[in-house]
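Asks: Heads up: the sequence lines are chains A and B, in that order.
One point on numbering: in our numbering, the residue at position 142 of the first sequence is 142, and numbering is uninterrupted.
One point on numbering: in our numbering, the residue at position 110 of the second sequence is 110, and numbering is uninterrupted.
It should be emphasised that the hints constitute simulated quantities derived from the structure, not laboratory data.
Errors might be hidden in some of the hints.
Any copy will do: because identical chains look the same in the list, a pair fits if it lies in one copy or spans two.
[Claimed, not checked] The calculated DSSO-like cross-link candidates involving lysine-lysine, where the alpha carbons are at most 27 Å apart (straight line), are:
id	residue 1	residue 2
1	147	87
2	48	176
3	87	194
4	176	250
5	147	176
6	250	87
7	250	194
8	147	250
9	250	48
10	194	48
11	147	194
12	176	194
13	185	87
14	48	147
15	87	176
There are 2 protein chains.
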Amino acid sequence: MHIFITNDDGYLSPGLATLTALMRAYGDVTVVAPEDGQSGMSNALTVKVPVRMRCVREEPGLAVYAASGTPTDCVKLAMNTLFADRKPDLLVSGINHGSNVSVAVIYSGTLGAAAEGTLYGVRSIGFSLTDYSREADFEGCRVYIPKIMAQVLAQPFAPHVFLNVNIPNLPAGAIKGIRLGRQTKGAWSEEYEKRIDPTGTPYYWLTGQFVNHEPDAPEADENIVQQGYIAIVPHHVDMTEYCELQRLSKLWRF
Amino acid sequence: MHIFITNDDGYLSPGLATLTALMRAYGDVTVVAPEDGQSGMSNALTVKVPVRMRCVREEPGLAVYAASGTPTDCVKLAMNTLFADRKPDLLVSGINHGSNVSVAVIYSGTLGAAAEGTLYGVRSIGFSLTDYSREADFEGCRVYIPKIMAQVLAQPFAPHVFLNVNIPNLPAGAIKGIRLGRQTKGAWSEEYEKRIDPTGTPYYWLTGQFVNHEPDAPEADENIVQQGYIAIVPHHVDMTEYCELQRLSKLWRF
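Produce the entire structure from the sequences given, and follow the hints as far as they go.
Replies: Written out as structure tokens, the structure is:
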């Protein structure tokens, strides 16, 4: 197996180091990750300036590259250069420092990279640990990611799908297990802290609280994680709302 | 009606000016748009630096603000400041200079802003003209956007949905009509132009060709536009792949 690893926290993040160490058990690993933190970059593309990529480490079974752009840029650039002749067998993104449940899927660089993988026909998985700190404890990840890999390799998911795996910030022994689920309905509120600069001009820092719109739905990923389980959600890039398409097709006349 | 306009080409773009002129017929308009071009910024959030917003024009029935961040930042910032006490009745984003059919929905700042609107419970529409030039001719938009608005106001779409409207780059008289459709399956290929800088180091410009994976599907938005019709696709932010969730739930055991 040849495994392509990327992330949105940058090539020096502890989460990436953990994932790299885990994935080397399955084959050769190529890392192409951002030079610096790219959290919240979604599926953003770098279009105004060119991107660059440099090799920062190379040894048998492992090559690590740092790229100047977003996570999506990393995937596109790697697929068009390093993997131009032979696609990787799997793309894994992360391990993100912080939760990516619910509507975070549309903002997350970790999952933006996984979505991009599917567009190249590469099965892709985004891993996130629900702890934002750089000193996060990845013990639960080290125990459970191999269990998820075993299942994925034995019975692969559909190639147009990317998996969103969220691991609760608990000691490995306290994690209750792994559950499949769906994207929780929710949104952020109270999102800015207003400050005044020395010239008297206001500026705004993004903050915000996540509001769960369905706290009682057992199959919603946020609730799965809150109950101490690892949540796995299969996602795809087709954002069409088919029910509404059907309804409007009958209703509207132009 | 109070209408909130944003875009990803920046507050000075001709597409925004066209949309603003059209929307003033329906009520008061507030524009909060990026200071500069933010194409390809997807749902990206500005998290490392604060954002700022300044009023650049104010007259009866119209206020225009420029903000330092992404299209999604514009929506979040406006909803938490200008619209904190009273939500707008409608969000319109665009008119984008360039097509946003198919998987462009995941990269587009225009549609990122529309997606964000739905998360605040505001009905949102992204408009795009399939002409990238700054000198694009918006005549077709001026004729057809009022027809779409009449239908939307008479029989509103579901509030969790945002509409993706793509208008072909044709004289108004050559546009054949308006059709509802779905997101086309497709992706970009041959995506980078490699160049060498004066120090001998390579750098890469994003380019690429869109490849339509279903050129014969009449209901796919790219094909609707290619046939000379305006395509309207209802989108939502739930990216769960429910069929695969059901399949894997039966198949996988942890």
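Asks: Hint by hint, where does the structure go against what was stated? Just the numbers, ascending.
Replies: Hints 2, 6, 7, 9, 11, 12, 14, 15 are the ones this structure does not satisfy, whereas the remaining hints hold.
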